[in-house]
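Protein chains: 2
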Amino acid sequence: MAEEVMNNKQIILKHYVEDYPKESDMEFKNNNIKLNVPEGSNVVVLKNLYLSCDPYMRSRMSKLEGSYVQSFTPGSPITGCGVAKVLESVDSNFQEGDLVWGMTGWEEYSIVTATQSALFKIHDKNVPLSYYTGILGMPGMTAYVGFYEICSPKKGETVFVSAASGAVGQLVGQFAKMLGCYVVGSAGTKEKVDLLKNKFDFDEAFNYKEEKDLVAALKRYFPNGIDIYFENVGGKMLDAVLLNMKLCGRIAVCGMISQYNLEKTEGVHNLFCLITKRIRMEGFLVSDHYHLYPKYLEMIIPQIKGGNVVYVEDIAEGLENAPKALVGLFYGRNVGKQVVKVSRE
Amino acid sequence: MAEEVMNNKQIILKHYVEDYPKESDMEFKNNNIKLNVPEGSNVVVLKNLYLSCDPYMRSRMSKLEGSYVQSFTPGSPITGCGVAKVLESVDSNFQEGDLVWGMTGWEEYSIVTATQSALFKIHDKNVPLSYYTGILGMPGMTAYVGFYEICSPKKGETVFVSAASGAVGQLVGQFAKMLGCYVVGSAGTKEKVDLLKNKFDFDEAFNYKEEKDLVAALKRYFPNGIDIYFENVGGKMLDAVLLNMKLCGRIAVCGMISQYNLEKTEGVHNLFCLITKRIRMEGFLVSDHYHLYPKYLEMIIPQIKGGNVVYVEDIAEGLENAPKALVGLFYGRNVGKQVVKVSRE
Chain R
1 MAEEVMNNKQ IILKHYVEDY PKESDMEFKN NNIKLNVPEG SNVVVLKNLY
51 LSCDPYMRSR MSKLEGSYVQ SFTPGSPITG CGVAKVLESV DSNFQEGDLV
101 WGMTGWEEYS IVTATQSALF KIHDKNVPLS YYTGILGMPG MTAYVGFYEI
151 CSPKKGETVF VSAASGAVGQ LVGQFAKMLG CYVVGSAGTK EKVDLLKNKF
201 DFDEAFNYKE EKDLVAALKR YFPNGIDIYF ENVGGKMLDA VLLNMKLCGR
251 IAVCGMISQY NLEKTEGVHN LFCLITKRIR MEGFLVSDHY HLYPKYLEMI
301 IPQIKGGNVV YVEDIAEGLE NAPKALVGLF YGRNVGKQVV KVSRE
Chain H
1 MAEEVMNNKQ IILKHYVEDY PKESDMEFKN NNIKLNVPEG SNVVVLKNLY
51 LSCDPYMRSR MSKLEGSYVQ SFTPGSPITG CGVAKVLESV DSNFQEGDLV
101 WGMTGWEEYS IVTATQSALF KIHDKNVPLS YYTGILGMPG MTAYVGFYEI
151 CSPKKGETVF VSAASGAVGQ LVGQFAKMLG CYVVGSAGTK EKVDLLKNKF
201 DFDEAFNYKE EKDLVAALKR YFPNGIDIYF ENVGGKMLDA VLLNMKLCGR
251 IAVCGMISQY NLEKTEGVHN LFCLITKRIR MEGFLVSDHY HLYPKYLEMI
301 IPQIKGGNVV YVEDIAEGLE NAPKALVGLF YGRNVGKQVV KVSRE
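In the order they appear, the protein sequences are chains R and H. For what it's worth, UniProt numbering labels the leading residue of the first sequence as 1, then goes sequentially. For what it's worth, UniProt numbering labels the leading residue of the second sequence as 1, then goes sequentially.
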């Protein structure tokens with residue numbers, strides 16, 4: 001590729017964020033990018049197609065020290081998972097025209113290294129490409145690992161999933177149903193509750209915002225208790241779940257979205273239940289488990305093509321709408337996996 | 001044994017307890033007991049020698065519904081673990097003169113069934129009999145199971161034990177040292193801290209009451225973090241520990257004594273660390289693990305006789321002092337395992 005300076009629209013984080021993030025914390029900016037590849041480098045030049053909005057990104061908007069993720073750099077583009085097309089590559093594992101997913105910038109073009117970006121080559125293109133930000137990407141692997149590796153599920157067990165219509169939750173519920181579990185999900189709107197029951201085949205679902213007493217709500221759906229809780233929200237819901245767990249229950253701690261924008265997190269009061277009910281509560285990060293990704297693809301792609309697993313996405317059109325999409329996540333405005341489409345190809 | 005009516009001193013729970021228990025919640029009373037054995041029954045008549053004061057007994061002083069333990073019955077004697085001598089037995093597994101340990105009454109004589117009382121026959125008498133309320137009984141098994149089965153410990157790991165000079169903690173620390181771990185304990189007096197360092201061979205120990213900042217205190221003793229936390233106290237200490245855990249750490253949840261007398265338990269705020277550090281936090285009850293008791297005895301008795309494991313008891317003399325001993329437990333007044341001696345034999 002000859003030296004080429006291109007216009008490169010970007011979403012810049014203006015400053016560290018406190019409380020709920022706002023669109024005004026980010027800026028849509030026109031910059032230039034030199035797409036020529038520096039000699040002696042090992043970079044891959046990407047044209048970004050789909051960007052992923054994920055709850056963990058809230059942490060990266062804060063000033064962090066010694067955390068499991070790095071803060072975004074104010075003044076620079078936000079980074080996150082995305083699907084992209086390779087425009088040029090010095091890395092011999094990638095070639096012009098390849099489709100990939102991994103960490104990329106919130107911009108039209110990014111220059112990355114395959115290692116830092118943890119780039120995966122996309123082999124199967126007979127599925128929507130955006131799925132590689134969701135069911136075939138990080139959230140899919142999160143659901144797979146969290147449910148099968150952390151929850152130790154057995155046929156016939158009772159499973160509760162919070163934030164159940166989200167990128168991860170909708171899959172956990174479907175995996176649990178495939179295994180023959182009884183599955184209930186919670187979500188924050190009637191539309192999402194309908195999705196859970198009608199589209200994702202959950203046995204039951206409820207709108208947590210309409211329940212005055214979460215302990216009683218869970219008791220209603222789980223009169224004999226919960227074997228497995230897939231935790232996406234934290235706070236009051238976790239406290240209510242603890243009181244409703246069965247003996248020897250398991251809690252996979254995947255996320256705590258209800259707490260991310262609070263200056264001081266809510267206290268959890270019912271941890272004594274861990275003892276009386278011999279509960280195992282275990283946190284996990286999908287990044288420890290990517291060696292299972294080929295095995296996961298082998299399982300999930302036929303399920304998608306056979307229509308046994310469905311996936312709902314909420315796709316915002318255009319990079320300029322990415323800030324709104326990301327902010328909306330923390331108000332539960334997305335219905336299904338929140339994606340931003342930057343370019344069709 | 002001919003029909004015989006004996007004077008039977010008892011400790012009666014007067015009423016359900018709220019807040020911290022007081023001596024006046026219990027009553028020392030003279031009753032009579034018929035020591036003759038009902039025909040057709042399967043009972044064992046016991047003369048109680050040692051009674052055990054254990055933190056879990058606080059729950060039983062409250063009105064409970066659907067808990068893992070049953071409430072005591074107001075107007076009746078308190079029950080708990082104890083060592084006793086068999087005066088008479090219809091159960092063919094026990095004979096007059098046998099020494100046993102299991103659930104018995106806080107009284108001089110009790111009539112029990114072996115099943116309900118989960119009676120174990122004492123075979124090795126070349127150790128202090130009171131040890132069967134502690135290191136050779138329920139607390140010993142609790143330490144053994146909690147450490148070896150729940151913590152998945154490895155040589156060289158860092159271990160923190162709270163309430164470390166108590167019936168369970170002092171053993172967990174010694175087990176961890178035997179395995180080649182670095183062990184730190186917390187306790188509530190200088191005397192206990194000295195015990196931990198000088199008697200139980202902990203690497204370090206500190207008085208949590210003298211630390212303004214528990215997070216900083218733990219950081220001081222664990223600059224590289226905690227692999228294993230043996231949780232006996234709950235509340236603020238748990239919150240501080242969560243911030244100091246290492247990646248892939250384990251928390252065995254054995255007890256939460258700091259919370260038992262609170263009307264509303266303290267909230268725990270740092271559970272998000274479970275995710276970022278991939279921590280497994282698991283509660284357990286010793287009662288699920290008694291099949292390991294013979295294996296435990298085989299391991300521990302030679303260690304006691306060889307002087308490799310030591311055990312400190314705090315023995316209150318006389319049944320009349322049992323209420324004070326039990327109440328003292330919740331103020332940390334006991335130094336080591338709290339026992340009540342009812343009779344030498």
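These are calculated hints, taken from the structure and not from any lab test. A couple of the hints might just be wrong.
If chains are identical, the list can't say which one is meant, so a pair holds when it fits in one copy or spans any two.
With a straight-line Cα cutoff of 20 Å, these simulated SDA-like cross-link-like pairs (lysine to any residue) come out [unchecked claim]: (1) 29 to 257; (2) 29 to 98; (3) 305 to 287; (4) 277 to 59; (5) 63 to 19; (6) 197 to 56; (7) 324 to 20; (8) 85 to 272; (9) 264 to 235; (10) 277 to 67; (11) 219 to 345; (12) 236 to 267; (13) 277 to 62; (14) 277 to 65; (15) 190 to 317; (16) 277 to 289.
Hints versus structure:
no., hint, in the structure
1, 29 to 257, "neither (29 Å within a copy, 56 Å between copies)"
2, 29 to 98, "neither (27 Å within a copy, 86 Å between copies)"
3, 305 to 287, "neither (26 Å within a copy, 49 Å between copies)"
4, 277 to 59, "between (32 Å within a copy, 15 Å between copies)"
5, 63 to 19, "within (12 Å within a copy, 42 Å between copies)"
6, 197 to 56, "neither (27 Å within a copy, 43 Å between copies)"
7, 324 to 20, "within (12 Å within a copy, 52 Å between copies)"
8, 85 to 272, "neither (51 Å within a copy, 35 Å between copies)"
9, 264 to 235, "both (11 Å within a copy, 16 Å between copies)"
10, 277 to 67, "between (31 Å within a copy, 9 Å between copies)"
11, 219 to 345, "neither (49 Å within a copy, 51 Å between copies)"
12, 236 to 267, "both (8 Å within a copy, 11 Å between copies)"
13, 277 to 62, "between (36 Å within a copy, 18 Å between copies)"
14, 277 to 65, "between (36 Å within a copy, 14 Å between copies)"
15, 190 to 317, "neither (24 Å within a copy, 65 Å between copies)"
16, 277 to 289, "between (29 Å within a copy, 14 Å between copies)"
The structure fails to meet hints 1, 2, 3, 6, 8, 11, 15 from the earlier list, while all remaining hints are met.
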